[in-house]
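Colleague: Residue numbers (our numbering), protein chains in the order written: chain A, 1 to 501; chain B, 1 to 314.
Any given hint might turn out to be false.
[Stated by the list, open to error] Think about it this way: if two alpha-carbon atoms lie no more than 27 Å apart in a straight line, the pair counts; the simulated DSS-like pairs of lysine-lysine are:
| # | chain 1 | residue 1 | chain 2 | residue 2 |
| --- | --- | --- | --- | --- |
| 1 | A | Lys397 | B | Lys7 |
| 2 | A | Lys397 | A | Lys344 |
| 3 | A | Lys253 | A | Lys40 |
| 4 | A | Lys319 | A | Lys481 |
| 5 | B | Lys7 | A | Lys344 |
| 6 | A | Lys40 | A | Lys344 |
Simulated from the structure, these hints should not be mistaken for laboratory data.
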Amino acid sequence: MFELKTIDKHFPGVHALQDVDFHIHRGEIVGLVGENGAGKSTLMKIIYGAYQPDGGTIEIDGKSVRFQNPRQAMDNGIGMVFQEQSLIPNLTVMENIFLGYENQFVKFGVINWQAMSTAAKEQLAKVKLDIDPNTITMELSFGQRQLVELAKVLTLEERIQGHLVILLDEPTSVLAEEEVNLLFQIVRDLTKRASFIFISHRIDEVLELSDRIYVIKDGKIVDVVQHDEAEVTAIQQKMVGRDIDKEYYREQKQKPYNSSEVLVTFDNVSLDGIYRNISFDLHAGEVLTLVGTEGSGREGILRTLYGMEQCTSGSVKIKGEKVTHFSATAGVSRSIGYIPRERKIEGIVNGMNVYENMTLSQLKNFRYLGVMNVPKEKSLATAWIERLGIKTPSVYKDCGDLSGGNQQKIVLAKWRSGGSEIILLDHPTRGLDIGAKEDVYEMIREMSDNGIGILLVADTLEEAIGLSHTIMVLKDGEFQKGFDCKPGSKPSLYDLVHHMI
Amino acid sequence: MSFKFLKPYFPWITLVMLTIIVGIANPGFFSPAGMIILIADIVPLLIMALGMTFAIYIGGIDLSVQQIANMITVITTVYLAQFGIWVVFIVIGVGALFGTLSGYVTTRFYVPSFVSTLAIGFVALSVAKWLSGQRALYMDATFRDNSFGWVFGKTWGIPHELIIAVVLVLLVWFLQTRMSFGRALKAVGSGELAAVASGLNVNRVKILAFCVSGIFAAIAGLMFSVKLSGGDAQLANGFLLPAIVAVLVGGTPLTGGVGGVINTVCGTLIVMVIRAAMVYLEVDATQQQMVFGIILIIAITLTIDRSKLRGIVK
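So here's chain A without its partners, still in its complex pose (with noise of 0.2 Å):
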């Protein structure tokens, strides 16, 4: 029904997608997988009319059809869901809900509110949603605006005779179990009208939702699976081209740390809004890893030890020194390295060059007399280069233009070459491949065998229990419980979420 053929498209030195043919059935839910880079996005866009191809043709129903641009492919009855919410946060439910087609309820030049309310509980309705239209969006949960964006895109169905084509991009991933099995619920009652590409790097949920899935990997689709015969392993082996390490956390290679030596002592600190009585230490060579869901304050404390925020009671000491001035400056002084969520804004300077970047946090160490002396900085990079392995044609390339694995390993080596003897991570694997997630893991066990204290902030619980010694479970901005991750006797999955929530 929708057909995409022998898709191409280039983008200046990357071949994005090659020879890329995909299909769609009525009624169909098909999944689509891939690391990051693989061409997902790419394919997304070019199938809501963000990008188009430079090679091949779209078809509805036999049609050959070209979109110039998402309004067009809507007008065909493709709508897209996304993963970073296109809902404008401080527009009601209901006005973001008919955002661009506000016509269809005006008389007179004047909108009519009343009838678009009645309007928009239809299409709230439809996702089974029961909030009143009038609320303003920012105060709904991340999970009630995933579904507004549906209900959204769902508008399409009065508007369009057809049958739809529905894309959801990672919709999984800001929301808890039983919202995911809910939206799995709508998705599968609406087949009688759409077909929906499912979008995510869980597989288990591909799997799980999806009648077939294509596996794209370097651009090419290169295995479809059906819905009988899918096997997770399987499809990551595909995803990857390779077997993934059974060691993949390297939990062998944890060590015990050396419990005398105190970094970090936080005692009953509290920032208001954000976490209450908080206290632990963090010794050298520990991993010490904050569980929680999104907004239970474990990017707070990590950003208070930064000095990027200020507690607002308790104390803090860093190796044995009390801090009453907390800035990233000072918090740089005390050999504290902060590898941020938003590695492309905050971590690496898009525009500097690798040795730029590598030495931006210690500038004094390379500067006489205020003259930087760039001989000592390239030989820095390149012993870095080497040591973590990035892959970069040299020291001079704009870290912008490099991958996000080799951007992380940068924003790594800033820290690890300026001495940092405590690393904050936040989310250091989000948004990486799964090899270049492996060296990250690969680098945190050996930070930890040198004696680096390291505050945690994973990307998915399994990664927490993997690379921690000791797990804390924070809900709402308060401490739950503390577990212990010794190797062979490390909590399980059920018993992190069951403190979390």
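Got chain A sorted already, so can you dock chain B onto it with the hints?
Modeller: Coordinates of chain B only, in the frame set by chain A:
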């Protein structure tokens, strides 16, 4: 790909093409003597634009430069008799003070630099009017020649003004490319959040950038003042627009992070050629700002980094 590769060279290509066009229309343009006069004439503007580059490079702007220069012409004229050549230190000190003030207001009170520098500019203008009693002041010719006469001399046919300009260009070029302050500027201009997260004292870097801008505006005012042998609260009017045009046409976009002082040298030369062309085409002086206004918009449109704006313009 080729567009991206060529983009850094656009200002130079533009300069060469404009020069050729003007030269063909008016062969006299190429005479070395005439050229040197033209270049020497543009020196105060170049100095002002060099300072402004720092403000724009970090993604801000400094609208106070013209008023600082106005104020400095008055200060120079008033204090020349008393301090002689040492008035230079007063000039630099006052420029640094006003620039720092702009930077301080911008960073501590979260006032966008286009507003803070506009306000500080009016303070400077007011000082100029108050100090001059709103009259045009003139320097004593002997004092001027004793202290600053050498500025307008020549060595081997090269005007000293030009030598001063070259020295200042080399100085800021060194500051920008070789010193840690320049590195910090680049980090703030290209990725401010990453600079913060790397522990850089971003506010101090920004304040220093405005300080440099203030100092160079003051030096420009000094040059202009001794050149015209007087001071007046309106003497440097008409400098602001060409200075901004010089920076942007040179290839330092309003979004900051790329370009730099050498680009501004190129931009200033482009402004010079355009001015020469306008003189040749007999464009009235009153209409010149009109031309520069249009060029400014074109330059911004061509250079601005839209990915940094994220589609939001207010």
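Colleague: Which constraints among the numbered hints does this structure fail? Numbers only, ascending.
Modeller: 3
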